[in-house]
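Trainee: Taken in order, these protein sequences are the chains called A and B.
Residues in the first sequence are numbered consecutively from 1, following the numbering used here.
Residues in the second sequence are numbered consecutively from 1001, following the numbering used here.
Derived from the structure by calculation, the hints contain no laboratory data.
Please note that the accuracy of each hint is not assured.
[Stated by the list, open to error] Among chain A residues calculated to face chain B with C-beta under 10 Å, some are:
id: 1; residue: Pro208
id: 2; residue: Lys253
id: 3; residue: Ala389
id: 4; residue: Leu425
[Unchecked claim] For lysine to aspartate or glutamate, the following EDC-like pairs were computed, each having C-alpha atoms within a straight-line distance of at most 20 Å:
id: 5; chain 1: A; residue 1: Lys283; chain 2: B; residue 2: Asp1315
id: 6; chain 1: A; residue 1: Lys415; chain 2: A; residue 2: Glu329
id: 7; chain 1: A; residue 1: Lys283; chain 2: B; residue 2: Glu1197
id: 8; chain 1: A; residue 1: Lys415; chain 2: A; residue 2: Glu341
id: 9; chain 1: A; residue 1: Lys414; chain 2: A; residue 2: Glu427
id: 10; chain 1: B; residue 1: Lys1319; chain 2: A; residue 2: Glu403
id: 11; chain 1: A; residue 1: Lys138; chain 2: A; residue 2: Glu172
id: 12; chain 1: A; residue 1: Lys453; chain 2: A; residue 2: Asp364
id: 13; chain 1: B; residue 1: Lys1207; chain 2: B; residue 2: Glu1178
id: 14; chain 1: B; residue 1: Lys1007; chain 2: A; residue 2: Glu211
id: 15; chain 1: B; residue 1: Lys1099; chain 2: B; residue 2: Asp1126
id: 16; chain 1: A; residue 1: Lys283; chain 2: B; residue 2: Glu1311
id: 17; chain 1: A; residue 1: Lys283; chain 2: B; residue 2: Asp1126
id: 18; chain 1: A; residue 1: Lys392; chain 2: B; residue 2: Asp1196
id: 19; chain 1: B; residue 1: Lys1007; chain 2: A; residue 2: Glu261
id: 20; chain 1: A; residue 1: Lys138; chain 2: B; residue 2: Glu1335
id: 21; chain 1: A; residue 1: Lys283; chain 2: B; residue 2: Glu1277
id: 22; chain 1: B; residue 1: Lys1010; chain 2: A; residue 2: Asp257
id: 23; chain 1: B; residue 1: Lys1132; chain 2: B; residue 2: Glu1178
id: 24; chain 1: B; residue 1: Lys1007; chain 2: A; residue 2: Asp257
id: 25; chain 1: A; residue 1: Lys414; chain 2: A; residue 2: Glu403
id: 26; chain 1: A; residue 1: Lys114; chain 2: B; residue 2: Glu1271
id: 27; chain 1: B; residue 1: Lys1053; chain 2: A; residue 2: Asp239
id: 28; chain 1: A; residue 1: Lys163; chain 2: B; residue 2: Glu1335
id: 29; chain 1: B; residue 1: Lys1111; chain 2: A; residue 2: Glu403
id: 30; chain 1: B; residue 1: Lys1319; chain 2: B; residue 2: Glu1335
id: 31; chain 1: A; residue 1: Lys194; chain 2: A; residue 2: Asp169
id: 32; chain 1: A; residue 1: Lys58; chain 2: A; residue 2: Glu261
id: 33; chain 1: A; residue 1: Lys392; chain 2: B; residue 2: Asp1170
Beta carbons: idealized from backbone N, C-alpha and C, even for Gly.
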Amino acid sequence: MNVKRLTALQLYGHLPKTDCGRCGFKTCMSYALKLLEREAKPSDCPLLSDEQWNTLNKLLMPPVQASSFSNLSVGGEEVLYRHEFRFFNPPPFFMDVSDLMPEEEILDRIKLVKDFSVERAGMRLSLDGVSVRSASNKDYRFRKALELVSENFSGPLILCSFKPEVLRDGLELVGSRRPLLYAADSENWSAVLKLARKYDTAFVVYSPTVEGLSSLSKRIISEGFSNLILDPGIDVRDDGLARTVNKFTLLRKAALDGVGELGFPLMASTASVWMRGCGDESKPYLESTIASLLLHRFASLFIVHSIERWSLLPLLILRSNIYGDPRVEPTVEPKLYEIGEPNEFSPVLLSTNFTLTYFSVSDDLRRSGVSCFLLIIDSGGLAATVAVAADKLSVEAISRALEKSRLSERVNHKKLIIPGVMESLKEELERRTGWDVIVGPQDSSQLGVFLGKEWSTL
Amino acid sequence: MASPRFKLPKEGYKQRISVVSIGATRRDGGTRDKSYRIGGENTPAFHYFDGFKACHPVISEDVFDIPIHLPGNVRHCFGDAMEDPRDWARLRVKKYAAKMITLHLVSTDPKVGNTSIAEACKTIEDVLQAVKVPLIIGGSGNPDKDPELLSKAAEVCSGESVVLSSVGPDMNYRQVAEAAVKHDQSLVSLISMNPDEMRRFNRNLMKLGVKPSNIIMDLFTGGIGYGVEYSISAMERCRLLGLQGDPFLSLPIASATSNAWSAREAWMHNEEWGPRELRGPLWESSTASMALLSGADLFMMLHPFAVDCLESLFDALFKPGDLYSTHSPYSMWVEG
Ligand code: B12
Ligand code: SF4
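Go ahead and model the full structure; you've got the sequences and the hints to work with.
Mentor: In structure tokens, the structure reads:
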């Protein structure tokens, strides 16, 4: 069984219990709840004794420690299944750059990291950093590639080489940016450790076996250093995938079972997939597939090689899905929204306050170029389809929202367009509100056509 | 010197997931060429370190009884065969090596074609003739008509061990359950993403005499970006409760992965997202892989390329080889 998850009550036991409110919360208990959610820190309570302070910090340390480099913090997880609590730190994606690539290609890759961004449900999804590896094994090439990258990219970096001299060269150039160092193994670890100490950054420990990771990490911890990330490797041979998934799962489980030396974030370089002997065309597909498996199975950081947007897109979206807080429905404020510059002739549309719903509908409307009013009602954060299926929409509440919006003062008509899925509410809505209720298309992506064709004649 | 192998204490799951057989060969009184067994897990998916064992999952490929609207990059794979469910099923089996077919009788819905039950049964018989792989018989989703359709289908397919998809609490499931018991067919119980309701509903089915070896749970599969996280959690919760001994949840899981195509990112033309040809299948196969990791045993899928991709994932993930191999070419990626 997993170690029992920490509870607010446990934390409360170590608080001063004065309910003085100086932490910014009304009671010690509400502060304890915020501590658990990582929305407050022990330093927020000025009344803690040294002993309480120490105990709290110890209790709050997640079993998968958070490691940090550049401006990133990765790991810091505490469950095996997201339904047990939540996952906290969405794994950053680093774009692979090798010093054997022509300058053009390196610049293209940097451009992709900077430009490829998808607006989705109010979030901007994008890649996070650039990883530069010494494939040539020639220090001047590595330095040149790194110079190019650092001049054109100011975000998080990883330096990759198993040769400490190469890493040191790289650090001389970009050390102040605290790049992640990849990687230490049983031979070079003490040299890599020295560099990480000097530049105050994290490094990756690689071994293809759990025992190897465990013994290496134990030795490093005993040197008093613990800003580590573990890479168990992806076995790219035919029978290797089962082994890979097994290792990642075992490592997370071990961390949660309290095996301290394995309590570090895991990483995966799916760029390794490109070593396999299959046609290049299928590699982005394969890489995306393996990365999605490891997104589910506990990798906290990725190095990716594919530059195909179609293969990166599902990864970015899946990451935001898996790392979303399962206990809350993401919502937007239920109120009247204006799309474009609506006037008294503009259409009025209705939808619900689930974030994904609001953004899908409003994006579709914007794309269609039609100015209109969008009345977002409170569905308790449910999608339109779900709210209908769950019978959570009251005509009463909708008509109140309609009144409150004062739309009747802003438009010169009384026509309300509802989503296709709400068809069954039409008659009762008309009776309650006195508005003409028009059933729109099932999918809001059809709204452009619908409004273009029908609005003038409605 | 080799260090001692790293071991964790065993989790000690109490109960195995039941095994459901689909399809009956001549030996078992049917006319199928092959039959499949799904389920049987003793740990969460691929927890080999805990002794994971399970039947190989199976993919059943969609065939609709009328040419419904499908994204262009899917339609393209089937062409004219979509006009006739027999041809479509044959193409699935011959060209794409389908192991199982789901025949969706969508036209029976009064709002679609209102095909009569008798006519729908004729279609079932035709498809049983046309292909010799095991079948899943799917209704239209109309809660008034599906009970009669599915119970008649149970009768028509007597001896073939088909799966009837699906039953839920908002229909006369009793009628379907009784027919399934009488004709020894299996049922898909569909409850959208709600383990508590799933448990309650399965208990009702079992009270009607349906055996755990004849129930497959469908918790609904939302595509990536369209609720996949809810599906992951619903499946994982049910699987864990089942393994921990809940007799109403220790059942195989079905994933109607074709739902992934309802995500716009799977089919919509959009330059920012890159070409659709592989984006669509990838959307479906990656959604499937999430279901697979969450415990799914039976996949109902649409695009042949996504099917192929998932098949090769099965092969890779169910062939653990030497789990503790100490050699790996992985680290060469840096210099490769
Ligand atoms: C995620 C999800 C859930 C989540 C809810 C997440 C949330 N915050 O809403 C959870 C797990 C909680 C859930 C629960 C249930 N769900 Co659910 N769920 C889904 C799922 C997978 C995705 C929903 C979604 O996010 N859609 C995307 C958003 C953007 O869609 P939308 O809001 O409807 O908006 C679209 C259209 O309606 C339209 N639109 C919206 N606004 C407007 C406005 C205008 C003017 C116009 C013209 C159009 C328009 O365009 C939008 C873009 O396409 C769907 C399956 C699916 N693919 O739809 C099932 C689904 C909607 N759920 C379903 C069901 C039955 C349920 C439950 C009732 C199951 C149960 N018995 O418990 C419960 C009820 C919830 C409750 N009691 O609280 C069924 C509904 C069947 C039906 N049509 O009757 C579906 C279709 C799945 C299925 N086939 O079984 N669900
Ligand atoms: S500041 Fe400390 S003692 Fe005061 S309410 Fe907050 S937690 Fe309690």
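Trainee: All hints are to be evaluated individually against the structure, with a verdict given for each.
Mentor: Right, here's what the structure says about each hint:
1. Pro208: holds (4 Å)
2. Lys253: holds (6 Å)
3. Ala389: Where the cut-off is 10 Å and the nearest Cβ of chain B is about 8 Å from A/Ala389, the hint holds.
4. Leu425: At 18 Å from the nearest chain B Cβ, A/Leu425 fails the 10 Å test, so the hint is violated.
5. A/Lys283 to B/Asp1315: holds (18 Å)
6. A/Lys415 to A/Glu329: violated (30 Å)
7. A/Lys283 to B/Glu1197: The hint is violated at about 41 Å.
8. A/Lys415 to A/Glu341: holds (18 Å)
9. A/Lys414 to A/Glu427: At roughly 15 Å apart (the allowed maximum being 20 Å), A/Glu427 and A/Lys414 satisfy the hint.
10. B/Lys1319 to A/Glu403: violated (63 Å)
11. A/Lys138 to A/Glu172: holds (16 Å)
12. A/Lys453 to A/Asp364: holds (16 Å)
13. B/Lys1207 to B/Glu1178: holds (11 Å)
14. B/Lys1007 to A/Glu211: holds (9 Å)
15. B/Lys1099 to B/Asp1126: Since the Cα atoms of B/Lys1099 and B/Asp1126 sit roughly 18 Å apart, the hinted pair holds (cutoff 20 Å).
16. A/Lys283 to B/Glu1311: holds (17 Å)
17. A/Lys283 to B/Asp1126: Violated: A/Lys283 and B/Asp1126 sit about 41 Å apart, past 20 Å.
18. A/Lys392 to B/Asp1196: Between A/Lys392 and B/Asp1196 the Cα gap is close to 19 Å, so the pair holds against 20 Å.
19. B/Lys1007 to A/Glu261: Distance ~14 Å between B/Lys1007 and A/Glu261 Cα, so the pair holds.
20. A/Lys138 to B/Glu1335: holds (11 Å)
21. A/Lys283 to B/Glu1277: Between A/Lys283 and B/Glu1277 the Cα gap is close to 15 Å, so the pair holds against 20 Å.
22. B/Lys1010 to A/Asp257: holds (11 Å)
23. B/Lys1132 to B/Glu1178: violated (26 Å)
24. B/Lys1007 to A/Asp257: Within the cut-off at roughly 11 Å; holds.
25. A/Lys414 to A/Glu403: holds (12 Å)
26. A/Lys114 to B/Glu1271: Status holds; Cα separation ~17 Å.
27. B/Lys1053 to A/Asp239: Holds. B/Lys1053 to A/Asp239 sits at ~16 Å (cutoff 20 Å).
28. A/Lys163 to B/Glu1335: holds (11 Å)
29. B/Lys1111 to A/Glu403: Violated, at roughly 35 Å.
30. B/Lys1319 to B/Glu1335: violated (28 Å)
31. A/Lys194 to A/Asp169: Holds - the C-alpha atoms of A/Asp169 and A/Lys194 are around 14 Å apart, at most 20 Å.
32. A/Lys58 to A/Glu261: With a Cα-Cα distance of about 16 Å, the restraint between A/Lys58 and A/Glu261 holds, given a limit of 20 Å.
33. A/Lys392 to B/Asp1170: Distance ~17 Å between A/Lys392 and B/Asp1170 Cα, so the pair holds.
Violated hints for the displayed structure, listed by number in ascending order: 4, 6, 7, 10, 17, 23, 29, 30.
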